[in-house]
Amino acid sequence: MWQRSADLAETEALELKKAPSLRKRFIFAGTGVIAVIALIAINLVFNYSQRLADLSYDRLLLSALLQMDENILAENDTLSIDIPWSAFSTLAQANEDRIFYRVESSVEGYITGNKTLMSKPPSQSELGKPQFYNQTFSGEVIRLVWLERAVTEANIQGSVTILLGQTRLSRETMAASITTRAIQVILLIAIVAIILIMLGSHLVLNPLHRIEELLEERQPGDLTPIKLDTPKETFQLKVALNHFMARLHKNLEELENYTAESAHQLRTPLASLKALAENARDQTTPERQQEALEQIVQQSENLSDTVTMLLNQAVVSHRLQTQRLIPLDLVSLIKKSCMEQAVTALRQGIHLSFESDAKVLLIKGEAFSLQQMMNNLVDNAVRYSASKALKDQQTKAVDIRIKQGVDRVVLSVIDYGDGIADDEKSRVFERFYRANYEISGSGVGLAMVKEITDRHNANVQVSDTKPTGATIQVDFPLFIEKESEL
Amino acid sequence: MMLAIKLVISLLTISSGILFANPVVFKHESQRDQKASFIQEPRILNVYSAVDLDAFEPLLRAFVEKSPNTTIAYYDVNTLELYHKVVAEKDRPKASLIISSAMDLQLKLVNDGLAKTYQSSMTQNLPDMAKWRNQIFAFSLEPVVMLVNQNHFPGKTLPKNRLDLLKSMRQHSDAFQGKIGTYDIRTSGVGYLLASQDARQADATWGRLIEAFGSHQVQTYCCTSAMIDDVANGDLLLGYNLLGSYANKRALGDPRLTMIMPSDYTLLLMRSALIPKFAPNSEDAGLFIDFLLSPTGQKLMLSENLLFPIDSASQAINISPKRSHPTRIIELDQQLLVGRDHAKQSRFIRSWESALELTELE
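Top line first, the protein sequences correspond to chains E and V. When we follow the numbering used here, the leftmost residue of the first sequence carries the number 1, and every step to the right adds one. When we follow the numbering used here, the leftmost residue of the second sequence carries the number 487, and every step to the right adds one.
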């Protein structure tokens, strides 16, 4: 099993301490929601208990009122009332509440009750329909029921009004006791819910812990996919991890191949160097020795180029993997690269020419690797042209052109060398493949170009130059500023 | 020690508009000492009470003995007057404490918001039927009785209940002429209460009773004590609806008198105390209520045959050999307001007057 170093463990512990906790967030959010719900519920309970208490005691009040109403009587053509004892014994069920009442008629006015109790229901009153409402009287808020009805006695016209009220003490007590009870229940439910959330969060996050444990327990080289039954929510995580590990596995394999092939590539020139050196040692005449040494120097330069190329390849690979692509001007970059290489090319009898449709063309790219790409393309073209130039005994040219398409930028590097045979065109981008072994080269350059263009979402292809030679076209997507996120 | 407390009767001019009976003042001995009065100003406890002074005096004395800094000014008032006086003084009351047996009037005062809330460990121990809203507190419970002069009573047996009484009146109609006494419900608050409770308990019996009273020229009284006097000296054969505590005390010391608790039903009446809303010296009023309800106060009522204590209501019923007959406790609750309904009250008094063949009071 893989052991963490002590330092690493310490940093991780520190990071863990600072890191926001998924579980805490979950619990906080859950608790917040429950608290809000509980508050709303408590508010509702307050209103509800008030209404319930009013409803219950209003029935008593109405019952007493109706008993009074039944006992309205006519005495010698005047209205009076004989309040039954039972009416007030009904009201006495609200045992601490004071009672106020007033009976009056449209003809006689005041009949009995509190002379000072004057009241009208706030809403439109209707004959024969009892109305309930609150009003302040005698220093307290009282609940009143109000009833006006037509008189049914033969000799008396008009209406009679009964007003009956009681203080709200029993109502408040009842409402308070309902509220207290309900709040207790609500709080209990809220607490239970919060505890369940805490337990639930543990349960929900458990599959993550299981994946974590499984990864921790793995052998260092084990990049096989995770085989674990996970719930739907962590299935994507598992898949992503597996994909990631597959890529890692592929990269590792490539790296191994690359290392092996690099070693192989270096062994051949080294063996050749050794042979040349032995040859030089065995030569007897100084002229021949001199000649052999020249060959050794030549071979060493080639070897050095190969190593440089390999190093560049490594740097480019690293940069491509680590750097983000940013908008940059392809025209100035290519121009600069051409100017740098112009002198070297000229020394080999090659004339570099550069032309561009536009002054500035933006693409998303990584500057260093694009330079390397350019170096390799130009270097390649010069090399192939140079051998032909030597043969033909005349100066050759390599043309570099940038053309703007609708949403593309096309870079062409055109040489007039011997060209590349059709069956080899598809293979030139393979690493360590060399079309012409007479021409010095590492076999790495165009493979690197391919790698770079792939990373830039660009197409690269080889075609023939008329009448002779090869053209390499790189087709970049144009960066359009409006689409950028800036 | 009892000698140390002097009963002082002083004439005081009443500053209020209503000329009111002069109070009886109770002070602790030390308060009469001039030197001592420098030390502490005595606190005055004005008591408006419908309890006869005779029955209350030992309790008042015991209280001032216990609280030497308090001086009691005792105003003996009729129950109905008492009510009107409290209403008249409601904004600036002179009384610290109101004591009355007219439970309905007392309750009406509380219902109309004229009483102050008071709470103590003593009031908390009271049963619910003996208090209301923590503003009115009953401190005694007594039966409402008939009192008979057995020397003059016609027939062999004394009536046990109201029907017996009706029968006796029928049989000895002449002997009963002008010889029955009862409360004038127009002038006595407690008298009205008892009559209205009778009418409520047994409407038919009550109707027959007042018809019979009317045809035998019933005498009407303001107070129980006057009725007892007339029964004792033979002016009356029988007094109807008397307060049990007074009747009992007199009957114990007078062989001519027999107290009867009607066996059809016996009303039980409570005397109650309340503190007016804006009462001066309400602290002492509260202390006095506590004293009345305390074991000391309650025992004193029983031992001195003053009143029947509330804390052992059964004691009041025990005086009767027949415990089986029903008792009706008049409870301190909102139902009492019905009896004092304006329309009901005037109708009730009118029918009482017409039954008793009395002319309306001026």
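Hints listed in this document are in silico derivations from the structure and should not be mistaken for laboratory results. Just so it is clear, the structure is predicted and the values come from calculations on it, not from any experiment. Each hint should be verified, as a subset may be incorrect.
[What the hints assert, rightly or not] Below, a list of computed lysine-lysine pairs in the DSBU-like style, where the Cα atoms sit at most 35 Å apart: (1) E/120 / V/576; (2) E/115 / V/580; (3) E/120 / V/763; (4) V/785 / E/115; (5) E/129 / V/594; (6) V/576 / E/115; (7) V/785 / V/594.
Keeping to a limit of 35 Å between CA atoms, is the pair of residue 120 of chain E and residue 763 of chain V held or broken?
This hinted pair holds, its Cα atoms lying about 29 Å apart.
Is the hinted pair residue 115 of chain E and residue 580 of chain V satisfied, with a Cα-Cα distance of at most 35 Å?
Cα-Cα ~25 Å, so holds.
Taking 35 Å as the top limit, are the C-alpha atoms of residue 576 of chain V and residue 115 of chain E close enough?
17 Å, holds
Between residue 785 of chain V and residue 594 of chain V, is the straight-line Cα distance small enough, at 35 Å or below?
Roughly 30 Å separates the two Cα atoms, so the pair holds.
Given pair status - residue 576 of chain V, residue 120 of chain E, alpha carbons within 35 Å
27 Å, holds
Agreement of residue 129 of chain E and residue 594 of chain V with the hint, judged by alpha carbon distance not exceeding 35 Å:
Measuring from Cα to Cα gives roughly 30 Å; hence the hint holds.
Check whether the Cα positions of residue 785 of chain V and residue 115 of chain E lie no farther apart than 35 Å.
44 Å, violated
Of the hints listed earlier, the one the structure fails to meet is number 4.
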